[in-house]
Amino acid sequence: AQTVTQSQPEMSVQEAETVTLSCTYDTSESDYYLFWYKQPPSRQMILVIRQEAYKQQNATENRFSVNFQKAAKSFSLKISDSQLGDAAMYFCAYRSNTGNQFYFGTGTSLTVIP
Amino acid sequence: EAGVAQSPRYKIIEKRQSVAFWCNPISGHATLYWYQQILGQGPKLLIQFQNNGVVDDSQLPKDRFSAERLKGVDSTLKIQPAKLEDSAVYLCASSLRWGWRNEQFFGPGTRLTVL
Chain D
295 AQTVTQSQPE MSVQEAETVT LSCTYDTSES DYYLFWYKQP PSRQMILVIR QEAYKQQNAT
355 ENRFSVNFQK AAKSFSLKIS DSQLGDAAMY FCAYRSNTGN QFYFGTGTSL TVIP
Chain R
29 EAGVAQSPRY KIIEKRQSVA FWCNPISGHA TLYWYQQILG QGPKLLIQFQ NNGVVDDSQL
89 PKDRFSAERL KGVDSTLKIQ PAKLEDSAVY LCASSLRWGW RNEQFFGPGT RLTVL
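Taken in sequence, the protein lines are chains D and R. No gaps in the numbering here: position 94 of the first sequence is 388 in the numbering used here, and each next residue is one more. No gaps in the numbering here: position 13 of the second sequence is 41 in the numbering used here, and each next residue is one more.
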């Protein structure tokens, strides 16, 4: 089975600064999809950004961007101009090409310091 | 647009008791997912429905867990009998159609404590 590893249980960033959350995964597939989800305290999980493995171009959504390194099986999330509302648990997730299974990492808790 | 609804929000039961969770997806969403999120871990996908059919239930412990989506709309997840290790948040999510591009919208979850 595929595994997703988030090696940073906790991270902190000063407001308006930039922070990068790390994610690595293990797979034998060549085509798959990667996601970052945000889970604020006591609130619903929401999708932040997604990346198709066959695309070399890194995905970007406003202040959020990824650094996708397929050969290294690495998928990091960069948050620029951090805001207080970015404080949450962030999960990296993998979905196989067949789409039948999702695998989530253990999450990184991000604190934004005013 | 109303989001994914789940009830109850919290449930405390004794081990060996039964429990059921209910999920009402966003209107028109064909695909429904149930996840188990144990404290300190990421969500684990238990079962996926496309309309009222099961797409995948390979991670569902079928000796004690069951799920149904009879009319292709709302769904129930049941645990019978519950074990201590079933203590977790049970998340329901829905998407417009099956497939990776269809964003999953999550409900608030049901927090289950088994004593």
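Just to be clear, a hint being listed does not mean it is correct.
[Claimed, not checked] Below are the BS3-like pairs computed for lysine-lysine, each with C-alpha atoms no more than 27 Å apart in a straight line:
id, chain 1, residue 1, chain 2, residue 2
1, R, Lys-43, R, Lys-72
2, D, Lys-367, R, Lys-72
3, D, Lys-372, R, Lys-72
4, R, Lys-72, R, Lys-99
5, R, Lys-90, R, Lys-72
6, R, Lys-72, D, Lys-364
7, R, Lys-99, R, Lys-43
8, R, Lys-90, R, Lys-43
9, D, Lys-349, D, Lys-367
[Unchecked claim] Here's a subset of chain R near chain D, in silico, CB distances under 10 Å, partners left out:
id, residue
10, Val-32
11, Ser-35
12, Gly-70
13, Asn-79
14, Gly-81
15, Asp-84
16, Phe-134
17, Gly-137
Calculated from the structure, these hints are not laboratory results. All of these numbers come straight from a predicted model, not from anything done at the bench. Ideal Cβ positions, reconstructed from N, Cα and C, are used throughout, including at glycine.
Comparing the hints with the structure gives:
no.	hint	verdict
1	R/Lys-43 / R/Lys-72	holds (21 Å)
2	D/Lys-367 / R/Lys-72	holds (21 Å)
3	D/Lys-372 / R/Lys-72	holds (25 Å)
4	R/Lys-72 / R/Lys-99	holds (25 Å)
5	R/Lys-90 / R/Lys-72	holds (15 Å)
6	R/Lys-72 / D/Lys-364	holds (24 Å)
7	R/Lys-99 / R/Lys-43	violated (31 Å)
8	R/Lys-90 / R/Lys-43	holds (17 Å)
9	D/Lys-349 / D/Lys-367	holds (14 Å)
10	Val-32	holds (8 Å)
11	Ser-35	violated (15 Å)
12	Gly-70	holds (3 Å)
13	Asn-79	violated (16 Å)
14	Gly-81	violated (13 Å)
15	Asp-84	holds (4 Å)
16	Phe-134	holds (4 Å)
17	Gly-137	holds (8 Å)
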